[in-house]
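Here is how the chains run, residue by residue.
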Amino acid sequence: MISKIRTNIRDAVAHIPDGATVMIGGFGRAGQPIELIDALIEHGVRDLTIVSNNAGSGDTGIAALLAAGRVRKVVCSFPRQSDSWVFDRLYRAGEVELELVPQGNLAERIRAAGAGIGAFFSPTGVGTELAAGKEHRAIGEREYVLEYPIHADAALISALHADRYGNLVYRKTGRNFGPIMATAATITIAQVDTCVELGALDPESIVTAGIFVDHVVAVGERSWLADGRFVGGTDPTGITLPLSTKEIC
Amino acid sequence: MRRLPTREELAARIAEDIPEGAVVNLGIGAPTLVANFIPEGREIIFHTENGMLGMGPAPSARRLDPDLINAGKQPVTERAGAAYFHHADSFAMMRGGHLDLCVLGAFQVSENGDLANWSTGQPGAVPAVGGAMDLAVGAKEVYVMTDLFARSGEPKLVNTCSYPLTAPRCVKRIYTDHAIFDVTRHGFRVREIFGGLSPHDLEARTGLKLHD
Chain A
1 MISKIRTNIR DAVAHIPDGA TVMIGGFGRA GQPIELIDAL IEHGVRDLTI
51 VSNNAGSGDT GIAALLAAGR VRKVVCSFPR QSDSWVFDRL YRAGEVELEL
101 VPQGNLAERI RAAGAGIGAF FSPTGVGTEL AAGKEHRAIG EREYVLEYPI
151 HADAALISAL HADRYGNLVY RKTGRNFGPI MATAATITIA QVDTCVELGA
201 LDPESIVTAG IFVDHVVAVG ERSWLADGRF VGGTDPTGIT LPLSTKEIC
Chain B
250 MRRLPTREEL AARIAEDIPE GAVVNLGIGA PTLVANFIPE GREIIFHTEN
300 GMLGMGPAPS ARRLDPDLIN AGKQPVTERA GAAYFHHADS FAMMRGGHLD
350 LCVLGAFQVS ENGDLANWST GQPGAVPAVG GAMDLAVGAK EVYVMTDLFA
400 RSGEPKLVNT CSYPLTAPRC VKRIYTDHAI FDVTRHGFRV REIFGGLSPH
450 DLEARTGLKL HD
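Note that the protein sequences, when read in sequence, are chains A and B.
Be aware that the first sequence starts at 1, since it is given in the working numbering, and climbs by one per residue.
Be aware that the second sequence starts at 250, since it is given in the working numbering, and climbs by one per residue.
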């Protein structure tokens, strides 16, 4: 019987070696696989290259991995946040390398890796310092820059439900990088709130097909849901109201 | 308007110009305010690059959902007809030319429409670009919302950007607290002036050649 469901979260990440490139899903805290990252920290690997949209916030998740000294390099689009103090300190001290990639190029490079594409020409970044030194080509009326895929040894992602085949459904903007990272890694590990019986997920609604997923770990329902219904109540992620207008104007 | 608009009034002025049916991305910061001033009865769809079309306003504290945030990582809501998608699809919507309009903040805009809004290039600063470059090259029209003058007093509309570019030749219109400018083949054209300055005063204060 096929089953990708693992009962021990540490077993799920145990084969990630030192020096690995690890994709970590999430946009800010939404969809960040906190429990898998904690297991990775406990597993003890070091010298990692992390591919993620951000470089951690607060002291949990990616920030905790950075603080534990396990990361050599971060490939991301937006490391600087109001609460990215862990990354900021390590970066300024020269203890972590940064490859800054425009967000859409980051997403497409991950998608390309998962889709078996050798490279692609993107209009994003042309005429900017982030495209300096890269091959450019005019195609039709437009200038493009050559971008290469990003493969990973492992992807850690977060979804809402899985079945034993590894089919995944997500929740709202927590989906973000999960579906593309799942395709781009040698081993994809998904943490989910709950595993459901085979056949319980509507085949029309499955976002990531199980072929892209190797291990599934159930970590329990997120605290703002109760039996699948939104109940809110707590603010475990620390996001705050009201809307801020001070960043760029 | 004989006095200078507040930031909210400027957001409302931008909202007036967004046509019925447009699919719009609002950049982080002040442009986010535009969503609060869409005229009654006008149907606009908001895109947020972290993976959603049909974004609604901020929720009450009780309805705050950590899985439902915008590109600025602030809590938002979902409108009827909303759709979620992954990041590669979200940026395909930009690069593929499907997004009608984006409104972005800026450090500088040059008279040929170059935009600088992601880095001041200061040594020691942690760089961050996010989706700014993708939006600037991808949206069919790029509007900028900004104060005309930086806190230092320097104009943000310039002959040539001194800050690192986000994208060349992408900005179509700039909404500032002193005037609205279009970027034309000949440079900046004043579209509408707020407050008491004349076009000549604006030229004197910005050092720019402005066209009628």
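You may find that some hints are simply not true.
Said to hold, decoys possible - Within a straight-line C-alpha distance of at most 30 Å, the following computed DSSO-like cross-link-like pairs (lysine-lysine) qualify:
no. : chain 1 : residue 1 : chain 2 : residue 2
1   : A       : LYS134    : A       : LYS73
2   : B       : LYS389    : B       : LYS421
3   : B       : LYS421    : B       : LYS458
4   : B       : LYS421    : A       : LYS134
5   : B       : LYS389    : A       : LYS134
6   : B       : LYS389    : B       : LYS458
Derived by calculation from the structure, the hints in this document are not laboratory data.
* Asked: Which hints, by number, does the structure contradict?
  -> none
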